[in-house]
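Engineer: Each chain, letter by letter, is given below.
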Amino acid sequence: MDREKSKIRVLMAKPGLDGHTRGAKVVAMLLRDAGMEVVYTGLRQSIDQIVSTAIQEDVDVIALSILSGVHIPLSRKLMARLKEEGLENLPVIVGGIIPTKDSAELKGIGVAEVFPIHSSFESILGFFNERFKKD
Amino acid sequence: MDDLKEIEKKKENWEKELLNQKKYSNASTSWGDDLEVVYSPDNLKDTHYSKEIGFPGDFPFTRGVYPSMYRGRLWTMRQYAGFGTPEESNAHFKYLMEHGNMGLSVAFDLPSQIGFDSDNPLVEDDVGRVGVAVDTLRDMEIIFDGIPLDKITTSFTINPTAPIILAMYMAVGEKQGVSSKMIGGTLQNDILKEYMARGTQIFPIEPSLRLVGDIIEYCKENVPRMNTVSICGYHMREAGCSIIHEVTYCLLDAIAYIELALKRGLDIDDFAPRLSFLMGCGMPLFEEVAKFRAARRLWAKIIKDRFKAKKPESMKMRMFSGCLGTAFMGKEPLNNISRATIMTLVAALAGCNAIHTPSYDEPYEIPTEESVLIALRTQQIIAHETDVTSVADPMGGSYFLEHLTNRIEEEVEKEMARIEEKGGILKAIENGSVQREIADQAFELERKIQSGEKVLVGVNRYVTDQKEYEGELHQPSKDILENQLLRLKKVKEERDNEAVKQALHEINNVASDGSNLMGPILSAVKAYATVGEICDVLRNVFGEYQESAW
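These protein sequence lines are chains A and B, in that order.
Using the working numbering, the first residue of the first sequence is number 1, and each one after it goes up by one.
Using the working numbering, the first residue of the second sequence is number 136, and each one after it goes up by one.
No wet-lab data here; the hints were simulated from the structure.
From the three backbone atoms N, C-alpha and C, an ideal C-beta is built for every residue, glycine too.
Some hints here could point you the wrong way.
What the hints assert, rightly or not - Take a look, some chain A residues computed to stay more than 10 Å from chain B by CB distance:
hint : residue
1    : 85
2    : 99
3    : 120
Said to hold, decoys possible - Facing chain A, from chain B, some residues (calculated, C-beta under 7 Å):
hint : residue
4    : 249
5    : 260
6    : 264
7    : 334
8    : 374
9    : 375
10   : 377
11   : 418
12   : 420
13   : 578
14   : 579
15   : 583
16   : 586
17   : 685
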């Protein structure tokens, strides 16, 4: 089945044990309204599961939603796994409860952008527009 | 007393002569009612004081569940706490109690809540993060070391693994020489809301409900002072649902648990007195106070009329309230102290029986000692420096408040009927419609925030360039995992592994044959079986919950 190459595909992932889905769902709905295809992984995904789903679903972006404080170790693990799979160019964004000082560290690991709670719709959509603008 | 007709006439004149002379803004309730500019006795002309409002401690309990309310007993200041190692949590509980915290409220880490041991490689990053790590009875013994179980009550925010934690608490009590008939507290044990909003469920719905039923039944005989469930609306509200839906889902879940217990042949008056509730207190002060009063009244009517209870104790909605963490903002976090004050005041004005006040750094991390102290002091200042506790239900009789109480009751009843007509709450959870409804409402709320329609000071109005908070945040200690692994290894070496094997085998049998699992779980816990070992047996028999696609 041909998929519309023009639609951006996003994997909205809940890594680790955190069970809160409000932000993940709100952002997924925002992105779907903006014309993107969002695959929501459901809860309790391991890094391996996230990477294999990302490959299987041929996504353009991986979005991690984390509210349990484990954003740094999990992002590290994800970036390492992506590198192993030769996917270091697949952008990763992280949202949730992220103290400001951790944003810099996350970007240092290779995370493309960080969206703490109540990030504006504008900034989130702006990221996608910038990243995937048609030349 | 004024003639109502006279009041209505005067109001009409006032609107014409005074109010409508100048423009004024609209206001509405969160469910869309237009609000008048002022409320007066004519708004309550159909309200029957004796029947609908009544007196505190008396059916329908609109004004509170106890006759003298805070003059008989102040609300319990119960700050949710726990992190890292059992030793750290023990020290932290003692710190809180030294500073006036009146009851313990234990926060467990996610592995403990979801039935994984600290030595499971899948969970290493989550060990000790959002609460204390508990693998075996040894950890619980340390948490409560030097804390007399006959002198305090403890609330446990624990759901699918509640039977295990209950068993551990009983065992700790036993070692202290305190019988299980004397220990008291609350088990959250509200599995339905996990599927809806909180996400720590392990097993499918049916066996999970069976475990809830096992606890209700077991405690009736063996742990009579334990509140067996804390039925929650709070989490769905934090997940984004409306005030009306917070009460709706909470009451529908409560009805499901009651039907569960009744099916086992228990009498309503045998277990209903030990059901308790948890709802949030938020910023819309009047709607919130009205919400608690409406919920109490509705609950009393449901227990009396629908379930034919005879004991007044069964009809009392004892309420723990936590200020909504989602009302706290990351920008200009000290503003959250003002927000916490308002929301805590709401809980006190609403006659809640226990209160948790979050700390101002809630948007970032679990609290520091400094920030949790401010939160505790907020409760103490309201309790001792204001006159809120001088009388029961001090806002009662406010024309606006009584009007809102009536309206919320009506809207909740309507929503409950709608869901029940569609097949009930269990069906709604199974087919994902509740989860979708909550997500839709969350999106709508976020849209209003993004557009500025819903004002958040410092966030979408009066925004400055102030840098994000750079104050001290709670730091998880570095050796949590190492300490837990060392202890767990030691426990496994020192315990009677044959006894553990037998105990687990017994759990397997009882899980399959349907009788009460508390007995076998208690035996296993006393033999130092781990949370993970017990849950793995149950996973094997019950299977694991499969989330439906979204």
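Engineer: Which numbered hints are broken by the structure, listed smallest first?
Structural biologist: Per hint list: 2, 3, 10, 11, 12, 14, 15 and 16 violated.
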